[in-house]
Amino acid sequence: MKISIPQAAPHVRNPGRVPSLMTTVLIALSPITLFAVYQFGWPALNLIGLCLLSALLFEILCLYSTGKPLDTYILDGSGMLTALLLALSLPPHAPWWIAICGSGFAIIVGKHVYGGIGQNPFNPAMLARVALLLSFPVEMTHWTQAAPLLSTAAPSFIEGLQITFQSSTAFDGLTAATTLGQLKTDLSQGLPLQQLTEQYFQPLDSSLGLTAGSLGETSSLLIAIGGLYLLRQRIFSWRLPTSFLGSLLLLSTTAWILAPEIYASPLFHLTSGGVMLAAFFIVTDPVTSPCTRRGQLLFGTGCGALTFVIRTWGGYPEGVAFAVLLMNAMTPLIDHYVRPRRYGRSRTGTPIKRPLWRRIREFFYTQPKSPSSGSDK
Amino acid sequence: MKLFGFRGGVHPEALKQHTADHPISTLPLPAALYLPLQQHVGEPAEPEVSPGDYVYKGQLLARSQGQISAPVHAPSSGTVVAIDEFPAPHPSGLPVKTVILETDGKDHWSPAWTTPTDPWSLRPEEIAREVGLAGVVGMGGATFPSAVKLGQSLQYPIHNLIINGSECEPYLSCDDRLMRERAPQLIDGIRLTAHALQAKQATVAIEDNKPEAFAAMSAAAKGINQLNVIRVPSRYPMGWDKQLIRIITGREVPVGARSASIGVCVHNVGTVYAIQQALCAGTPLLSRVITVAGGAIAKPQNLEVPVGTLVSEVIKYCGGLNEEPARLVMGGPMMGQIVPHTGVPLVKGSSGVLALTAREVDDGPERPCIRCRRCVEACPVGLMPVEMAARLRADDIDGAVDYGVQDCIGCSCCSYVCPAKIPLVQYFNYARGVLDCRQTATRKAQQTREMALARQQRLASQQAARDARKAAKTEDKAKNNTKNNIKNTRPASKNPDRPASGDDAGTQHKGAAANIIATDSRVTDIPLQSEQLS
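Chain order of the listed sequences is B and G.
Position 207 of the first sequence, counted from 1, bears residue number 207 in this note's numbering, the numbering being contiguous throughout.
Position 244 of the second sequence, counted from 1, bears residue number 621 in this note's numbering, the numbering being contiguous throughout.
Hints were generated in silico from the structure; no laboratory data involved.
In this text, all values refer to a predicted model and were calculated from it rather than measured experimentally.
Some clues are possibly wrong.
Residues on chain B that point at chain G, a partial pick, calculated with CB under 7 Å [stated by the list, open to error]: (1) PRO10; (2) ARG17; (3) GLY118.
Now the in silico label distances, taken between C-beta atoms and shown as ranges [unchecked claim]: (4) G:ALA822 - B:PRO15: 41 to 51 Å; (5) B:PHE364 - G:ALA658: 29 to 39 Å; (6) B:ARG232 - G:ARG384: 20 to 30 Å; (7) B:PRO15 - G:GLN394: 11 to 21 Å; (8) B:VAL138 - G:GLY382: 52 to 62 Å; (9) B:SER346 - G:GLN444: 26 to 36 Å; (10) B:LYS353 - G:GLN603: 20 to 30 Å; (11) G:ARG440 - B:PRO15: 42 to 52 Å; (12) G:GLY382 - B:LEU61: 43 to 53 Å.
Backbone N, C-alpha and C fix where the C-beta goes; we use that ideal spot for every residue, glycine too.
This is chain G alone, in the form it adopts within the complex (with noise of 0.2 Å):
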């Protein structure tokens, strides 16, 4: 298959060899999961159960809520402990909501649990509606909802369905070992996901320094009829997905715009492996592979760990740690996020847990930059890492802006091949932290604006309503008084909408109307005026 040019990336030492030659082993169950109500992209999933509860595996925990949210389910029969606040897997290690399940080693599964019906029965839209049920999210670290994406792709003529299987972040091998061990079951859930999106094809992206996943997923498709297993440059990021379809259809997705507007969808292996484990086995969102390695691990392999397992069981089961990490990392080197610690659980889009040396680190001295351009060759969106890095030295927001900021993916590349050790990254992300904390007080502003208005057009309508009333009531008056002054009053009762003594206030509050379009700050003044005016 003929594949199209890309711009811009690096090839970081993949060192996946540590780990790909392992097959994935099983962690044994752990004596306490603590599952986060929020392990994905969107509104946090609603608790179903209460500290006491008994449950059993599969069973749901927590509900989805708002439009874009997944629910999480057990991950093993046990106790609810609590319903508490407990350290997120993030940079930051600040609490969230989490349910503290404690595990009885019986696994038990739901009485009520029954095989599912056959899924190549469903519509579309059931498909969706099930991997929805099952909490299915991307796999690849992006964790959406699998279920509002495969509905919101539906409204668009899909013509091609990616299936990334790049793993271009080096140390992960999680995937590839999928691949290879899993791969029937891969390209059933592949399947699935095409007729879910009603597509016309499916390429299977894997990149080539997996020549055995390329094998296996290969020959299981074999004698499937649109269903292409190709193999892409290895150059990260190729795992973008926007790169992928790039390089494949040689379209870009405009700006703004939704993959699917241009007719394509672009799933992660380990997402497809989950949704077919949703549909053909009915097993909800439960468990995911993972890469445990980094030159501080002493047994690094690939570990099938159940959702809300701690680091810390997880590396004590490899083996432990041969010495202090500089950095531990949940996710891949180049697009990871630190933990803080091991006392963080893993969560559904956690890829791998690496235990970083400081001679891998290599993180040197930071210098001044010499603007070796370096950067500008690397970044796969065409930006210039460079000219904006030195706008927000300098907290020129708006400066970076104009040089893109905004469409900076974090992909690290910059950073990566920086000579000077410029954390360039770090420097965009506190960029776009600016930029939504903006967006955040601008939609503040507009609503307050709204309300403002809305406020003042309610004082109007009363007042006009009651001056309305009173001209009514001093026409009557006027009408038994005197007969003479009827033909001067007629005027004003022609046009019940503008009575003659509401017209004064009325183009007042016009102009008060006018002038809080005009100035946004001043919002909170106007209420005070209205008072005046009324």
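This is chain B alone, in the form it adopts within the complex (with noise of 0.2 Å):
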């Protein structure tokens, strides 16, 4: 005869787990990677690798100095996805310090320092690309136009080497400013926001990705079929992406047909910056958004609306990661607020009311008498 554990039901699961979770969000990003690798070439493929590889080693140290099982944790895909996002949002040539701060501050600071995976109130990624945004402002800033691989404008491999690990401006010729920054700029020397936009915004461009910016953040199209595809899997609910992007949009529109001289197109705010990354990749990410369908709908909302607030009236030009870590530091109070209803409870926690005319009839009701030998046990 066994004795077994005690143990509750069910005693049978569904296959998922995290780790499957994490790969299956990993290869939605791959399209996006594969294509910041062939658009900015070398220093691109070496700020990835720096990123991925450091974090791996951030992550080993985390987990040993805490004295948790290294198996179980590190191959759980949080920590090379939370880099490959990081990576994703630097500019291509960035020196490789950058990479390897921002890695290190985002495993440490973002993530462990909380208690590891699913503990971290911010976002680990957005985290420390606003700490090197706001730390290292011009290397944050420094942004190169896309040289496809193996074409003649490209850095070679050495070149590429250099821009990495050198800082060589050899290819200072190539800088070029993002859309978002150059309205910045022009807007605020008073220029006229019509001729500005038709100056640098082609929307396809900027849809496709052919424009400067982050590694992963240039190809909107790239980023969205990623997210769908994370749609199709369930990985998240369409309501964090929808409500994010929908309120973006509402908001810049009215701007835009109140006074299309000072605000930029809703089609613009949609396509530049770290916007489709973030719709799909950052702001879905569950352990920084609440739980519950409305929440979300209120996370999302509250992203997109600061979002816009930060790009027209703020001192960046991109507000995304601000808007983002703002909305993460909410989600414990939109998680205690916002709550489902419960069966037979009313919104606030109260039973519900049967309907009036059941009271009625019940009122009008007399049970039938018990016979008269009846009624014992």
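Put the two chains together into one complex; each comes in its own frame, and the hints tell you how they fit.
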């Protein structure tokens, strides 16, 4: 006779596991990564490699120092995902120490300080990006024009190593501003917006990713494809990206219709900067977003509104990272106040009322009389 | 028929094909039967026989006692060997009072047994009584005494009797086979139950992954007024009675109220079959159909077994075990309970025996929660398991109560979908256990307080009486001694309830009583105080 350990039901489990979830997200990010490498060449590959490798080392360091089992945690893929998202938000020609500092910040301060996977209040990749932007504004806003791999304009392998590891400025001629940055500068000089956007904003280029920008933020199309794949795999619900993009679209359209000479067009907002990457890969981070359906709608809407506000009236050209971090801070509050209605209870938690006709009927109802002999047990 | 939507739920793999296509076979009578006196919710039954007695099939072994209870009958003829402690079919395997019956293989019915009178002529309360005498309990696993449920439902006008044939648990197919093979009896049972409840209509809900059962029940129900057989989507936990009520009527049962209060009553098909057997054949609940399945069972099948058969007997009949099972489960894989070993008996509420292999259980290493919110999406009640578990990990029971852990029905949807393999239901069961303990402690404290207060009052009234007597005596003395003093003592004798000398003690006593009500924790100190007072 075998005595088994008492264990509550269920006795069968769904085959899904945390590592497989992370792998699915990594798969969804792979087209964007490949495109980034194609578009920005060897320096991009260097940065991605550096981010992943250093994240792995920092992860091992943290797990070792906190005494957690390495084998379970190192292979769960969450550290890799953070590192890849960070790499995709860096400027292509950023120096090596930016990548390593960013990874270190994301893994140590963004994740393990709070207790590791699942415990972080802020999205680690966005936290690292903001930290880098505030600490090294020059390196983090040094954008380069896309130069597809193997094309004549592209840096060679050796030149790529020089860019990443020696901060070589041999390619200074390629420097270009992002559309968002350009817009901010020109608007501050009082130039009319209509003329400006026509100059440097081509919606098609912007959605295909043929513009200057962070590694993985340029091609809105590929990002959307990856995001739709995740949606199909039920990794996240449609509510977060839809409410985020929806509120951004609504606000920018309203502003644009009211004053097209001051405010950029909604298409411009949606296709430039990190909006698309954030909509499908950052806002949808389960750890730092609310659990309930209504909470998610609230969170996404807040992210979109804050992005628009920061972009339009803030000091920085791009506001997605700040918006997401601000809303991350609101997540515990949203989860505390926005809860699903429980069965048999109203939203306030009191038992629901029975319909009036039912109570009226009960009033006139007489229970069948018990027979005189019966009623014993 | 139009169905209403509902929240949450999961789609576990059904895995019923191994057993659903084989007819129910009957287990040969085991040499010994082990009948626990508590196979139902409520008070355990009181033994009516003593060791050494010869009992006939269907004879009463133990009588129900208390408001909520059910009797236990002998599933076959034989000798009562002992009434002793025996391991219960419960994860703990702790012993419970059990009647051990050695069968003689003759299956003799009692000579006094007669076929019942026409059940259709019985009045509703008489049906409830007959069902109670037959020891019928909820066969879906709840094991609530059916007679009590029928009686309680009669307090309300019942609009719809819902028959739960959804059988949403994976592996189990005993209700499916019952509907396929014994549809006419089931329809009789449904009509009798509807009569007992004075229900206007009855609805049989069958999940759409059981087309044969649906066809059989539809055919049997043809031409009967106000009896609908409907298909409901296959989604666990469709068999949760309140889920069925929501999907069929579009209404929810208010928290803390019975489903009868909104005019609905839900019974399982197995229960209805038992009711029919009790009323039409006069057979008490002696046997039930169970599913024996799981990867480790050599020949999975549906079996009709006498109540009290050991799990080991059933497994032996099904060809034994292919391999050492990772978990031995009584009931379904989603809500069933682990049994510690095969030496425990099957009871009235056991719907299946599952020997699951490690591959089937698929219980990976537990990882930290990544708040993927699948549990929130899956919860049919509308709870947030992720938040409750986070609080319970820190032993913050009140925090979990704030998130509604007391509303958890233990359906296991959250644990099932969890990619981090966190045993969420284990957490919630723990919380509910602690809450139960707290409730018991509060009730105890309340009782102690009431008793202390009663003692205070008794002592005070005794004292008052004594004082009154004393006062009367002194008054008499005074009367006799000096005529002048009469005026002074008069006010005291005016009010006999409040004698002058007892007044002081009375106010003190009141103060003490207020003190008791204010502080529960110091209940034990109070009798001492009152001693000092007197």
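Against the structure, the hints:
Annotation: interface hint on PRO10 of chain B holds; nearest CB of chain G at approximately 4 Å, less than 7 Å. Nearest Cβ of chain G to the Cβ of ARG17 of chain B: about 5 Å, under the 7 Å cut. The hint holds. A distance limit of 7 Å between C-beta atoms decides the matter here; for GLY118 of chain B the minimum to chain G is near 4 Å, and the interface restraint holds. Range check, ALA822 of chain G to PRO15 of chain B: Cβ separation about 48 Å, and the 41 to 51 Å hint holds.
Separated by about 38 Å at the C-beta atoms, PHE364 of chain B and ALA658 of chain G satisfy the suggested range of 29 to 39 Å. The hinted range of 20 to 30 Å is satisfied by ARG232 of chain B and ARG384 of chain G, whose Cβ atoms lie roughly 23 Å apart. Taking 11 to 21 Å as the suggested C-beta distance range, the pair PRO15 of chain B and GLN394 of chain G conforms, at roughly 19 Å. Restraint check, VAL138 of chain B to GLY382 of chain G: a C-beta distance of roughly 56 Å satisfies the suggested window 52 to 62 Å.
For the hinted restraint 26 to 36 Å between SER346 of chain B and GLN444 of chain G, the CB-CB distance of approximately 31 Å keeps it satisfied. In this structure the hint that LYS353 of chain B and GLN603 of chain G lie 20 to 30 Å apart at CB holds, the actual value being about 28 Å. With their beta carbons about 49 Å apart, ARG440 of chain G and PRO15 of chain B fall inside the hinted range of 42 to 52 Å. Between GLY382 of chain G and LEU61 of chain B the CB atoms are about 50 Å apart, so this pair conforms to the stated range of 43 to 53 Å.
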